[in-house]
Each structure stands twice: as structure tokens, then as C-alpha cells.
Amino acid sequence: MGILLYSLHVLLVSVLPFSNAHRRERLSLGDSLSIDREGDELVSPNGTFAAGFIQVGENAYCFSIWYARRPGKKTVVWMANRDKPVTTTVSEIHLNKYGTLVLISGGEGKVWETNTAFRRDVKELELLETGNLVLTNGNGEFVWQSFASPTDTLLPGQQLTRNTVLVSKRDAGNYLSGSYSFKFNDDNVVYLIYSGPEVSSVYFPLQDSAVYAQGRTNFNSTRLAAMDDMGTFSSSDLFHFNSSDYGRGPHRRLTLDHDGLLRVYSMKEPNWEWKVVWFLDIGVCRVHGMCGSYGICIYAPEPTCTCPPGFSREDPSDWSKGCVPPFNLTFDQASIDFLKFPRTDYYGYDLDTFSKNVSLENCTETCRKDHRCKGFGFKYRTCYPKFVLLNGRRTPNEPNTIYIKVPTAMAGKEGEGLALIQSSINGSGRIINTSSGKPPSGVVKNLYLRYLVGFVGTLGAMEVVIIVLGWCFIRRINRSTEPVKKGYRLHQVMGFRRFTYTELKKATTNFSEEIGRGGFGQVYRGLLEDGKTTVAIKRLEGVTQGEAEFWAEVAVVGRINHMNLVRVLGFCAEGKYRLLVYEYLQNRSLDKLLFSSDATNVLDWEKRYSIAVGTAMGLAYLHEECLEWVLHCDVKPQNILLDEHFRPKLADFGMSKFSETGAGGGDACRGKFEVSRARGTRGYMAPEWIVNQEITAKADVYSFGVVMLELVTGRSASGVHGGKWNQLVRCVEEKVEERQHEGGTMEELVDKRLQGDYDMAQVELLLRVALLCVKISKDERPAMSAVVGLLLGDDEPKNLSSPASPLVNWAIDRS
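Read the sequence shown against our numbering and you will find it ends at 815, with the numbers running on by one and no gaps.
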């Protein structure tokens, strides 16, 4: 029956008039462009650009914009559906009567659409000579534009903003989204980042020095960058360059290529060939993730990936998957040795950085005894143990030597030549393949001749009946599988996956290693089935939502993404079980370091101040910038986790919405709500929790103020009983009052374990801002965005000090 229906489709398509297939300048409401109509496309007024369907694989097409100046060669500059191609079966781009541009796949339905639903003022779709595809209203104003959602390319006049990002192709022949992104970070700096399956890392601007030392600034918060038609690129963070063919005339494009490098290409008459007129000259081997785990990038003389002796490539067609060791590192210390690689480094992912004048023997033994250590770098008598060996590179001037942990039987092979396995780092050229189930052309022709004459009428009637019955059946199936589809879409769109309870039970070895405990349940360390990804798995307690409700809530948390927030990797909703899977952070929570006996050795003043600033940024993002305004409701050191570089990441944000006892039910800690039960931890709770007042973001501000006081004093607001240090806020206020009236010193408040090694100006600033945050009246507390500005020196606390004495007039009336 499927063959008969297919034959009927061939017949119908064959008799369609091809007079409708043409190049046009605009689409009106109700018009469409179809894959089935050859040459059906939009063109810009002077013919520089065209928009239509590009073939990206076998029976796989994307709606795209390309340069049309090169006959037979289409350079794509934008795609609507790069990660979800459509097939030839009745697929089209349609401007419907409601003003929405919709991409429809005959096999799947709606694949993509503009955010203009029910905009009654939309009049038409037009491709401008700039390459911008726009929906306009009756006044010629843009209702939607492709310039606002770039793919991997910026055209002259197209802006990179705080809300846009360039994402590279997967490789030279594959239009799917790759691993490299070009965008503004939360510190107002435009940067390049590698986002791999296990880790993410920034490789431009170089992280070895501050942005100021590289001629950049993070004080301009407009976050705008663009290239003009003269070939000049300018950014609000002072990243600036000119193309080598500066001036009007050539067509140019700025593209983030599949190898992670930015390049400006230029094209002009008479040959219309692209040539590179600028590229980001940081060295190809400095691009992160290029050669994968254990892989090393060398110049021989072209950039080339290689594996250490005895290692093998994990995927012969993809260097980014790296090299596989021929051993398992779960052997005894007595059987461990190291391979030596001079003039080599694996950038980042240090377990710790030892002080100078550490011997090689001491560094070796430290790595040998630490099961997390995969190897270490050693230079200038400084040791850099590594928990991941990524971003490997060798250069003649590299002062570092790498030692890779291996079994004793492999030791003694110095990695000088690295000639065992090598190949160019150029992309594999893989083409995606979206099969439609279409029979081979020869078979189609024979079937067409065989069945066409005798069965056309019968097939037509049968097709109508089958379509009606199929529609009813599919509706029933969709209803029964909607939860599964929802979970799949979360994985596809939001970048995390749904786990089964069996998977997480196995990952945690039956939940045997508990690493934390909080108000919402226990947290366990786990290792995913790939054997590489360590995660933290939280078993939620007291969750009464059904699966659909839980998915709705986890979708909110999963969309929240910030460098100072712990990343959600997945979830489990199965029967009575509700679990969340988080990234694992090596340095544990702040309380375990700040209140430990060796806090001085681990948390110096520079780290403490950085933790305060990073935590403030994370809270400011939750309160004011993320898609769903979320209050944390339980800010405390136990919920501030530290990564390998001691950068803070807030955990447990949005958790109240999962708890049956959380304030406000499903909307708990999102915007303003009425509380039904006090939330938080004693010592950090704002006064409004106690007196049952309306809870706003200012409750988090109070808790953060308490944390700042703890960073300065080294004393816990909740963990010490007896004595006035049990009331940390009041103690600091009294010391401020004492200084005002009796000329006391603030040094008495600073953690004695710092032994005087701190910046007094920063100490006073932290205290000043903290006391602003813990005001009794929530209306007198600053917003978190203002707190960030104060800590970064963008502003000064108002009406709090005189030039002569930074803490004068800080007597706090809390009666």
C-alpha cells in the first residue's frame, strides 16, 4: 500500500505546473516557497543574495540565505533549521495569514517558525540587499529579521549583541551546530568558547592575562559588536581590527569556521572567489578541544594532531574525540609511572597549583597518590596536576614539560617525536544523512509505469480514507506518548537529557557515595556510563508533582545558564523517583573550606573577594536577566560550590518549586509571592521570612550580605553557639559603631587566619556593602545588580561615608 501511495504522489507532482517555480522579491500573506518547485527562491533587489532551500545531505534540506553572485556555488550565511533538516516530501516555507513565517516538513509538520504569531500588522517577507531577511508591516518597519538570529556568520551591518551568538559548523562539510561559539560573556567581553561533551573553556581572549592587559575592557555593558562595509570590526569591549583590503567595494563576511577560528572573507569581481582578508592569529593549536582528550596539537609544519606513544585514536574520522589509553588507571601506586613530554602543555583543568620551589619528585608523588590526577605539568619548579588532559599542544618555545600517568610497563618512552599517530586537523567532511524512505529512482520509474493507468482512481479514494484513519490514530498515539516527547524535546532543545532511575542507580553504585545533604534531599557522586563524566545527583524528597508538572518545572531550571550557576545536566522522573543531575565541582562547597582549619592555605583574600563578586553576579542574573525571574531563597556557603579555579557557582536555585513545603507552591521563589512557610537557614534568613511579610528578591540580598560578612570574618552565622558571634550581623554593626565613636580598627573583624595578608580597602568595601544588604527594611537594601556594581567599583554606596573615614556614620539603627 505504501508503494501505491508513493506512486500516486509521483503522479500528482508530475502534473503540477512548473510555471509557479520562479525567483521573486517578496512573499505576501499566504505565499510559500517549496522544495518541490525547482528554483523557487527569494532574491535581493540587486541579486546579491538569495533565500530558499539548500541541500545539506541525502534528501536533507535547510531553509537558508546565500550569496548568489557565484554561479553554481552557494556560500550560506544563515540557516533557519540547521540542526533539523527537512525532506523533499511536501516541505515548504510558508507565510501564513497570522503573520508567522513557518517551515513545514511533510514528514514531521512544523519544524521552525518566527516569533510573530498573531501579529496582524505583518504584510510581507522580503530579502534585502544587505542579506537581511525581514518581515515588514504596512509602514515598512521590521517585525522580524534574520540579522537578529545569526548562524555562524556576521554580514556588514549585522550586530552581535548580548542576545546573539555565532556557532560554528560541525566540520567543513557538515552544517550542524559545532563546538565553538563567539558571543559576549556576562562580564561584557566578546569571547570564543569551546563547548565539548565533557567540559567548556574559553580560548580567546587568552586567559593567561587580564582583559585590560590585552587592550580590552569590561566596563562597557552595551555588548555590541559589528563589521561595517569598509571592513572594520568594532566591539564595545574595544576588540577592534581592519581587514587587509580595507575600503568599500568587496563583499565581506565574518565567519566562525569549524576549526574554531574567526576569519573575514572578501569577494569581488571579476572572479567572485572568496579570499581571507583577516583571521584571528592566536595559533591554531591554541584552539581548545581541537585534538580531544590526550591528543596533542603540533606544527609539522601544518597544524597536526597526534597521540602519545601507545595510545590510539578513538574515532579515525574525528580528532575532537581524542586518544584512548591502552590501560585502566585503577592500578596500584607501585605500578604507576609517567611518560615525559618536553615543550608540551595541556592547558587548564588543574587540580591545584603548588607554590614555586617544588621539586619534580614531590610533584610526581603528589600525582601518583591522587586517583583524580591523570598527569601533571612542571615548569619553573611549579607543579600543575591535571584531572583532565585536554587542549594539548607542543611548541618550540613552550617551557612546560608534561608527565602522563601510565603503567610502569609503558614508562621510559619520552614523547619527543610524537610520530606514532598523526593527521591533519582539517574537518572530515562528513555529510548528514536524513533518509525519507524514498525508493531508488529506477524502482520508482518501473512502479510508476506499472500502476499508473489502472489504479489512479482507486488509489485516490483509498488515500483519502487512509489519511482520515491515520490522522485519528496518530492523535491517539500523540496523547499517549506526550510525556516521552516532552522529555525528548528537553534533551534536544535545552542540551540536557532524561535519565532512567536504573541509569542513575548504576552511576552512583546504588547511591553509595554521599557528598552532600540539604533541605531537599541527599546528593551523591556519580559516574555516567561513558566512564568519563563525573556528576552530582540529587535525590529530591517531598516532591508530589506528577511527571508532567515536574517536567514543566525542570524546564525552567534547565534553561537557566550562567558562569556562576551550577549547570543542570539532566533529570529523572520515573514512578515515585525525582532526581536532578548536576555538573560535579571538585572543590566542594564554600563552607567546607571557609570554616575549616586550613582555610588560610586554600582561601586567601583574593579568592574570597572573587567568590563574593562571582556569587553576586549569579544572583543578579537570577533576579534580573534569566528567562524566568527566580529567587534563590536559601543563599548560604553550603549552596556556593567552587570549581577547579575556585570560581563560585550557586547551587539549589529554583529548588523551592519542587518542594511541597516550599513557599507559594509552583511559583515559589519566582517573582513576588505570599509565603505559607518560612524558607531558608537560620542565620541567613531575612527578617521578612520571620514576620510573614511579602518575599521579594531583597530576601536573597540579605542572605548574601551575611555570606559576605562570613568571608571577611571567617566565622559562621549559623554554626557557632554561645557568645555574640552567634549573632554575626549584630557583632559587625557594633564594631562599626565602636569605630565611629571611639576610633576602633576594623582589623579586629578580619579572619585572623589570613595573618594580615589582605587588601584593607577591599575589606572595608565588602563590609560596607554587606551592611547595606542586611538592613532590616528590605526597601533600604540594594538590588543585586547594584551590589555587583559596588563590588566592581562601578559605583559608590550612597550617603554612607565621608572622604576622611570610609566607615564613618555607619551606626545602624536596628531597633
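Keep in mind that a hint or two might mislead.
As the list claims (entries may be wrong) - Within a straight-line C-alpha distance of at most 20 Å, the following computed SDA-like cross-link-like pairs (lysine to any residue) qualify:
#, residue 1, residue 2
1, Lys-340, Lys-369
2, Lys-592, Ser-718
3, Lys-110, Leu-128
4, Lys-275, Thr-75
5, Lys-74, Val-90
6, Lys-123, Gly-109
7, Lys-183, Gly-196
8, Lys-74, Ser-44
9, Lys-735, Lys-775
10, Lys-775, Ile-690
Hints are computed from structural coordinates only; laboratory data are not their basis.
Predicted model, so just to flag it, every value in this text is computed and none were measured.
Enumerated hints in conflict with the structure, sorted upward
3, 5 and 6
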